[in-house]
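2 protein chains.
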Amino acid sequence: MQKGLLIIYTGNGKGKTTAALGLVLRARGHGMRVCVVQFIKGKWQYGEIEGLSLLGELVELHIFGKGFTWLSKDMEKDKEAARYAFDFAKEAVCSGKYDMVVMDEFTYLINYKIIDEKDAVEFLVNRPKDVHVVITGRGASNALIEIADLVTQMQDIKHPYTIGIKAQKGIEF
Amino acid sequence: MQKGLLIIYTGNGKGKTTAALGLVLRARGHGMRVCVVQFIKGKWQYGEIEGLSLLGELVELHIFGKGFTWLSKDMEKDKEAARYAFDFAKEAVCSGKYDMVVMDEFTYLINYKIIDEKDAVEFLVNRPKDVHVVITGRGASNALIEIADLVTQMQDIKHPYTIGIKAQKGIEF
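Sequence order for the protein chains is H and X.
According to the numbering used here, the first sequence is numbered sequentially starting from 151.
According to the numbering used here, the second sequence is numbered sequentially starting from 151.
Excised from the complex, chain H in its bound form (with noise of 0.2 Å):
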């Protein structure tokens, strides 16, 4: 049996769910069987959802909520998917049905107090011991960090917007 990983790609920079599409790609690439659940609607486009759907169905991709954010006019409701979500990601965990399971921008359900860091904790700690788990976001809190098996901080060192390039097709998007 594997040992299922917790993965953790935080920091500013840019290539964390970049990344985690990269590992995506490999594990399908072993026929294991992976599950995404991206938890900011819209953040996903064309380009990342169709370039999974080329891998066939043993990778699911599951766009949740309407996203939470701080201009939301009913943030009440936002909460309340990234609730969901976070529920249906913990029973793709359990279920048995996948090797890995992607939980992209997970880190802001906890860092905006949506849910509650001690659950998401023990949850990660008990769940079965061979899935592996991805999670992507800024600012990974110490407690995720601290039962993280592997955790990778992308740093911007320069980025193109800074310079005053647009976000360019098939790159940022």
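Derived by calculation from the structure, the hints in this document are not laboratory data.
Note that this is a predicted model, so its numbers are computed, not measured.
Please note: incorrect hints may appear among the correct ones.
To list a few chain X residues with every Cβ distance to chain H over 10 Å, as calculated [what the hints assert, rightly or not]: (1) V174; (2) K229; (3) E230; (4) F273; (5) L274.
Under the rule of at most 25 Å between Cα atoms (straight-line distance), these lysine to any residue pairs were calculated in the SDA-like manner [unchecked claim]: (6) H:K153 x X:Q305; (7) H:K319 x X:I297; (8) H:K319 x X:S245; (9) H:K227 x H:I265; (10) X:K319 x H:L204; (11) H:K153 x X:I265; (12) X:K316 x H:K227; (13) H:K316 x X:N292; (14) H:K308 x X:E200; (15) X:K193 x H:S291; (16) H:K247 x X:E200; (17) H:K247 x H:K316; (18) H:K279 x H:E296; (19) X:K316 x H:I297; (20) X:K268 x X:I307; (21) X:K263 x X:R277; (22) H:K319 x X:G246; (23) H:K153 x X:N276; (24) X:K193 x H:K319; (25) H:K247 x H:E200; (26) H:K316 x X:G246; (27) H:K316 x X:K191; (28) H:K193 x X:R277; (29) X:K153 x X:K193; (30) H:K319 x X:F273; (31) X:K240 x X:N276; (32) H:K153 x X:F323; (33) H:K153 x X:A317; (34) H:K193 x X:Q152; (35) X:K308 x H:S291; (36) X:K153 x H:Q152; (37) H:K263 x H:G246; (38) H:K279 x X:K153; (39) H:K316 x X:H180; (40) H:K268 x X:F323.
Quick reminder that beta carbons are idealized off the backbone N, C-alpha and C, glycines included.
Fit chain X to the known structure of chain H by using the hints.
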């Protein structure tokens, strides 16, 4: 016409090649044509090779040479192979056949002085303006960073080897 970006994933942390794979997936999702050049033979294994093959004929993978290594018994031959791979990558970038060219582990060619940094920089700066180039590898030189549009440094916060966990299929390889 798209503006081709020069993207560098560097740093000692994990996720550089993985993020490049994610970019390939996203670009392919947009129907872009991608050429991946892997400069170190033996680094890539079944998972990523098989994963990329699922993306169909718009994505090509070329693994070159014997790889170069300081353990090699025939360093000169290794360097020759690496230089040949660089020539191949240059042709790919200029061919008009690809929207994105990934040069995986390319930094090592510069850092170990297998190719001339000035040649590489000159080539990259003068390449066709609509081709994205993605370079990965530790220790990207200042000159490379200088000419790049997007540079992310991957920094190890926590690494499974250091806590006694073996490399896992689908994650590391």
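Going back to the hint list, which numbers does this structure go against?
Checked against the structure, the hints that fail are numbers 1, 11, 12, 14, 15, 17, 20, 23, 24, 27, 28, 29, 36, 37, 38, 40, while the rest are satisfied.
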